[in-house]
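2 protein chains.
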Amino acid sequence: MTIIDQLLRPRRVAIIGASVDQSKLTGRPLAYLRKYGFTGEIYPVNPRYDAIDSIRCYPDIHTLPQPPDVAIVLLGGDKVVDTVRQLADLGTAAAIILASGFGEGGVEGKARQDALRSAAGNMRILGPNTIGLVNVTERIVLSASNALVTDELVAGSIALVSQSGGILGSLLSRADAAGIGFSKLIATGNECDLEVSDFIDYLVDDPATRLIALYLEGLRNPKAFRATVFRARAAGKPIVVFKVGRSEAGARSVVSHTGALAGSDAAYDALFRQFGVLRAERFSDLLDIPIALTTAPPLTGRRIAIVTSTGGAASLLADAMGRIGLEAPPPDEETATKLKSLAIDGATLDRNPIDVTLAGVRSDIFATILDILIASPSYDAIAVVLGSSALRDPEIVSDPLRACAAKSRKPIIGFTSPHAPQLVRRLNQTGVPTYADPESCAVALSALLQTTKRGLPHCDIPAVSENCSDVSVFRTLLRPGTLNEAESKRLFAHFNIPTTSEVEAATPAEAETAAKSFFGPVVVKALSRHITHKSEAGGVAVNVRPEDVSRVCAQMTDRFVAITGWKPEGFLIQELVTDGIEMILGCRYDPQLGPLILLGMGGVGAELYRDTTLRLAPVDANEARAMIDELKVAALLKGFRGRPPADIESLVAAVVAFSTMAAVIGHDLQEAEVNPLFVRPAGQGVIAADGVAIVNASTL
Amino acid sequence: MTIIDQLLRPRRVAIIGASVDQSKLTGRPLAYLRKYGFTGEIYPVNPRYDAIDSIRCYPDIHTLPQPPDVAIVLLGGDKVVDTVRQLADLGTAAAIILASGFGEGGVEGKARQDALRSAAGNMRILGPNTIGLVNVTERIVLSASNALVTDELVAGSIALVSQSGGILGSLLSRADAAGIGFSKLIATGNECDLEVSDFIDYLVDDPATRLIALYLEGLRNPKAFRATVFRARAAGKPIVVFKVGRSEAGARSVVSHTGALAGSDAAYDALFRQFGVLRAERFSDLLDIPIALTTAPPLTGRRIAIVTSTGGAASLLADAMGRIGLEAPPPDEETATKLKSLAIDGATLDRNPIDVTLAGVRSDIFATILDILIASPSYDAIAVVLGSSALRDPEIVSDPLRACAAKSRKPIIGFTSPHAPQLVRRLNQTGVPTYADPESCAVALSALLQTTKRGLPHCDIPAVSENCSDVSVFRTLLRPGTLNEAESKRLFAHFNIPTTSEVEAATPAEAETAAKSFFGPVVVKALSRHITHKSEAGGVAVNVRPEDVSRVCAQMTDRFVAITGWKPEGFLIQELVTDGIEMILGCRYDPQLGPLILLGMGGVGAELYRDTTLRLAPVDANEARAMIDELKVAALLKGFRGRPPADIESLVAAVVAFSTMAAVIGHDLQEAEVNPLFVRPAGQGVIAADGVAIVNASTL
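Chains as they are written, first to last, in the numbering used here: chain A, 1 to 700; chain B, 1 to 700.
These aren't lab readings, by the way, just hints derived from the structure by calculation.
Nothing here was measured: the structure is a model prediction, and the numbers come from that model.
Just so it is clear, CB atoms sit at the ideal spot from N, CA and C, and this is done for glycine as well.
Heads up, some of the hints might be wrong.
[Unchecked claim] Computed footprint of chain B on chain A; a stretch qualifies when at least three of its residues, placed anywhere within it, have a C-beta under 8 Å from a C-beta of chain B: (1) 241-251; (2) 281-293; (3) 506-518; (4) 603-615; (5) 668-677.
[As the list claims (entries may be wrong)] Covered by chain A, according to a simulated footprint, are these stretches of chain B (three or more residues, beta-carbon under 8 Å): (6) 240-250; (7) 318-325; (8) 430-442; (9) 499-512; (10) 639-646.
Construct the entire structure; sequences and hints are all you get.
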C-alpha cells in the first residue's frame, strides 16, 4: 500500500484540534467524514471535549489507541511542529497540515517549514497550507474546504490536483454547478514533502480517474513531473494544466502566495508542449476541456456540423470554431439530400449551419438529423445550439442529444445560446459536454483533436549517457566565465556543430599570414572574453582582402579599446559566409527546469518578431522537426515563393547536437548561443558563423 | 419627431395577424404591450376575432380607425408584401416585419425583399426577419422575442442594436441573469430599410443611453456607420461591437443566415480601430465591457490593487491582468504602513495582492482597506476577490464594496472565485461591475483604460476635396488594367510619393544611353503590364554597369519572353537604392468599406510575419503615426540596438499621400502597392523603389 493510497483510503483518521462547532474550520473535517459515511475509525483529539458527535475524543496524541493512517492537523502555526513530531513518534503514516505561515511566509516561515520537515521524520506530510484532499470515488473527505459545505460531492472521472486550496474549492463549486464530478480532489499547498507529481503518479494507476486536471503555481520537482507526465501519456490519461505566472504580475503574486518558485513561464510552456500536457489558457478551460475529454469519443478531424434553430447563435459557434482552425463545411450531396428530405418549412437543411428554425424544434427531427450527421462522411463532430425554445421544453432537444451522444462515435457537444445553467448541468450530467460560451465549445473540440492526433510521446526522456561525448576532452574547454568566439566554437564543434573555417591569430601580422591561406576575402574579428557584442564594439570587419588584414587588425584594436576599454585577446580570421537563412540556436540553464534550448529566426526575426521556440534539452530529431515547424520562418526554410528549400535535415542535426551539448554539460553551461547559424540550400549543410558560451564559474 | 422616435415611442400600434394564444409568437406582441403597461392605442388585426384580451380586434387594415404609428406584421412570407402596401397606403409611419425568407433566402428571397421595399413606399421598415424592438426605458415592447417571456425587463443605460433577433434574446437573457439592464433593444434583421446606423444615430441623442452595444454581421451602409460612430465618440458614448465573420466558417454562416455581405473582416477591424469602436473578442465581452463602462468611473492608469481573502484566486486575477498589460505593483510606503496597521493575524497587507485571509473577512476591514486604496497614490483601480466566505454572508464584502464604489473616483470591480451567480447579480445591480472569470475582469479594466485614454477621435472623416489633386491630370494616368512599374510610379509621384529616379527606354540601345546619365551602376527592369512579379520572370537586374546595360536588356528580353510568354513593353533604368528599411505601402478598394490602405514591413516581415496594419483611406498624419506604432517594425524604424533612426516623418507623409491617392481615385483604383518603400535614415526621406497599380476597367 503506497503512502498516497493510505492518504486517500485511510482506515484510521486522527483529527488534531477537532472542534464541536461545525461552522468553524476545525469542526468541518469530522463533520465531513460523518456526512459522507466514512466507515473507518475517527480519533478526534482535543483536551476540551470527551466526545464530538458521539465519537470519543482524545485529550492528546499519546492517548490515541492506535497510530492513525492519517492525521489532520488543525492547530495553528506555533503548535504544528511539536504535534508533527508526536505524530511521527507514534508511527502515523501521514499528516495533513492546514496551517499557513510556513514556506509562503518569508525567511522566518521557511525556517519553520524546515523544522516541520525535520520533525516529521519518516512520516509523510501533505501541506502545510493545504485544505486537504477528497477521495470522491469512495466518499472519503479529509478536508476542511468551505466549498464542501454547500456543494454536492458528485463522483466523476476527473482528478484535480491543485497547489491552492482556494482554487480547489473554486473549481469544485464551479464543477458542481456545471454538473461535473471528480474522482479525487487534492490540494498540495506548500509541498514541503508530497507534491503534485506524487499524486499524478498515483492517479495514472487509479481506475476511477480518466483525466488529471492541475492547478500549478510552480514545480518543486520538475524531473519527477516529467517522468510522471510521461507515464500518464503512455497510459492514455490526458493532463490539463492551468499554470499561473504567465505575466510578471501573476508570477509575483504567486511568490507572495505560496512561496513557490515562479521560474520562467516560457520554460514551463516548453515543458508542457514537449510532454503533451494541454495548457488551459483561461481559468474556465480547466473544467471545460476535461468535460469534453472525459465524456466525448475521440475527434478525428476538423469538420464540424452545426445544428441550430436560431441563426445568430450558430454564427457565433462557426466563427469561434473557425478562428482556431476548425471547419464548418457544407454537407456532401448524399447527406444534403437526406437532410433536405425532412422538408421543414423555412429551414435551411442542406447547408452548414443546419438551421431547422423554430418549426423544426421537435425531438424526432433532432434525432433524425443527428443520426444523419453521425453517419455522414462529411463531419467529424456535431455541435448543437440550444436556443430559447430549449429553455421552455428542455427535453425536446436534450433527450435526442443524450441518446445520440451515447451511441455516437463522433463527439457531440451542446452550446446554450440564452442563459441556461440548468440545461448545461443537465446535459453535462447525461454525457453531452455543453457550454455557455461559443469559444469554450471551440476550445473543447480543439483539445479533443489534439488529444486524438498525438500518438505516444515523441519525446522520451533520453538518458544522456556520459559516453555520448568524451568528458575529459570537453571539460578542458569549459573555462569558467564567458568564452570568446573561438573558444565557444571549439566547444560547439566538439559536439558536432559545423562551424566556419577559421584561424586564431595573436597579432595583426599573424592574422594577415593566416588570411592568405584562405581563398579570397575573409572576415576579421576581435577575440574577447569580455565583450560579446563585437559588432557594436567595432570588432568585426567583413569582406576584407587578405593583403589588408594586418592594417584592419591594427585599426580594429584601436577602435575596440577606445569603445570598450578592453584589448582584444587576439584575432579570428574566418571564411566569409553569405548564403543561407540566418537562424539562432541557443541554450540556457533554467534553475527550475534544467537545460532549455531555443531555436528561432536570426536577426530581425528573433529581435522584432520573437519567432522562436523553446524545449527542454535534449531533444531528438522528431522534436527538433516539431520545433522548426512551430516557427514562422519554417515557410522560408521549406522554400518560399520559388526560393530553394534549405537544408532542414542539417538544421535538425544541429539542434539535436546543440541540445545534447546542453544536456551533457548541464548546470555548468549557463548559456550558449550560435547566432547566426546559416542554413544553406538543401544538401549544403548549416554553419555556425558566430557564437558565445558562458560557463558557470562556481562549478569548476 | 423622427421615425426612430415613432418606432420607439408610438402612440398607436397595429398588430397584423395578432392571436389570442399567448404561447404563440403571434400572441406575444399584444401580451407584451399589455404586460408592460403600454398606454397608447392597440389595434389588433385578425378577421377571426372580435376582440383579444378585451381589446377590439379589426378584421383588416382598411377598417383601422386611424393610421398607426407602427404596425407589427406577424403574417407569413406570402402575405407580407400586400400587407405592407396596404399599411403604406393607410399612412402608417413604420412597419416591423418579422417574417423570414427574404434577403437571406437566396435569389428568390432577394426578389421578394425588393418587392417589399417597393411596396412600402414612404413607410419605413424594420426588418424583415427581425424580432422587433423594445424601449426598455419607457417599457414599450414591440417584439415577439421568446426571451421576454421568462426574463425581467430591467431598465439600464446600455442600448443594444443587433442584426440577429436570436442574439438579442440571448443577450437579454444573459444580462438579466447578471443583473444588467438595457435602455433600448433593437433587432434590425435583414435591414431592407432601417439599419444599425439609423439607430445608433438616434441613441447618441437618447439621454437614457450611455453606451451602445452592437451585434454585427456586416454593414450595409459603412459611410453612415462612420458618420454616426464619429458622432457617438464626440458625444462620449462608447460603442462596443461583437462582429462575426472573423473566420471563413463564421463568414459563411453569416451569409447563409441573413444574407449580409460578409466583407473583409480585417477591413472591419481597421474601421473599428480607426473610429474608436471597442471590439469584443469573446461573445461574453459584449456584456462584460459595457457593464464596466456604464458603471465605473474612468480608469486613468494601469496599476491595479487586488484585495483578497484567498491567495489562489488573487493570483488568477493578477496573472490575467498582467497578460494584457495591466500591473499589480506593491503599495507605496505610506499606503503599506496604513494597511499594515490593520494588523490581521496571518494576513499579508503590505503587498499586492493584499491578502486579508479568512480572519480579515469583515465589513469594517474591507471598508477600511478600500478607503486606504481609494486614497492611495499607488493605484488606479481596485479589484476585489470574493471567496467562498462571501457566499455564506454576501453582505460582509458586498456592502462595503457597494458603499466604496459609490464614492470612489477609481474603478472598483469584483471577481467571484467560487460559482456565485447571485453575488455577481447583486453586485452588478448595485453598481459594482463583477465577473466570474478573471480574464473578464482584465478585459473590462482594459476597456475602461482604452476609453479613458483616448481623446476626441484623431481621425476625422476628411472631406477629400477634388482640388487636392488635379483631376484632369491624374485621370490620364489611369489606364484601365494593370499599370506597369513606370506608369504606376508616375501615378504615385503625382500624389507626392517620392520615387526612384528612372528613365524609360524602348530599346536596349536607348536603355544603355539612359544608363550612362546615371552616376555608377543602375537597376534594369523589364516593363510589363502583364507580369507583376518581375523578379520571378527574370525581369530585374541589379547593380548593372552602364556599359553592360544594352547586353543585359537583350538577355532579359529573351528570358522574360521564355518564362512569361510576354514581350516587355520596354525597359526601366533606375537609380540603385540599397540603404533604408524596406516597407510595403498598399491600397485596395473594399467593395463594402471603400478604399483601404495597408502599411507593413517589406519582404519577409510582411510575408512571414504579417507585420502589417490597415486603415480606411484617407488618413491624416496622426493616424499614419498610429499605424506605424502598431507595427513591430516600428522598433527598427525608431533606431534599434544602436542603429540610426529612420525618417519616420517622411514615412508618415508618404502614408498620408498614398491614402489621399486611394481616397481621391476611389473605386477606380482597384489596388496599388509600393514594395519596397525604402525608409532611409532620418532626414533622408523615403523612396518608392517598385510598385504596381491596377485600375478598374469598368469605369473608364
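Each hint tested on the structure:
For a cut-off of 8 Å, the count of residues in the segment 241-251 of chain A with a CB near a CB of chain B stands at 8, and the three-residue condition holds. Only residues whose C-beta sits within less than 8 Å of a C-beta in chain B count toward coverage, and the segment 281-293 of chain A has 3 of them, enough to reach three; the restraint holds. Coverage of the segment 506-518 of chain A by chain B is violated [criterion: at least 3 residues with CB-CB distance below 8 Å; count 0]. Beta-carbon proximity to chain B at under 8 Å applies to 6 residues in the segment 603-615 of chain A; the threshold of 3 is reached and the given coverage holds.
With 0 residues having a Cβ less than 8 Å from any Cβ of chain B, the segment 668-677 of chain A misses the three-residue criterion, and the hint is violated. As drawn, the segment 240-250 of chain B meets chain A at 7 residues by the rule of a beta-carbon pair under 8 Å; at three or more, the given contact holds. Figure legend: the segment 318-325 of chain B, annotated as covered by chain A; annotation consistent (6 residues with Cβ-Cβ distances under 8 Å, at least 3 required). Only residues whose C-beta sits within less than 8 Å of a C-beta in chain A count toward coverage, and the segment 430-442 of chain B has 3 of them, enough to reach three; the restraint holds.
For a cut-off of 8 Å, the count of residues in the segment 499-512 of chain B with a CB near a CB of chain A stands at 0, and the three-residue condition is violated. As drawn, the segment 639-646 of chain B meets chain A at 3 residues by the rule of a beta-carbon pair under 8 Å; at three or more, the given contact holds.
The structure does not agree with the numbered hints 3, 5 and 9 stated previously, though it agrees with the rest.
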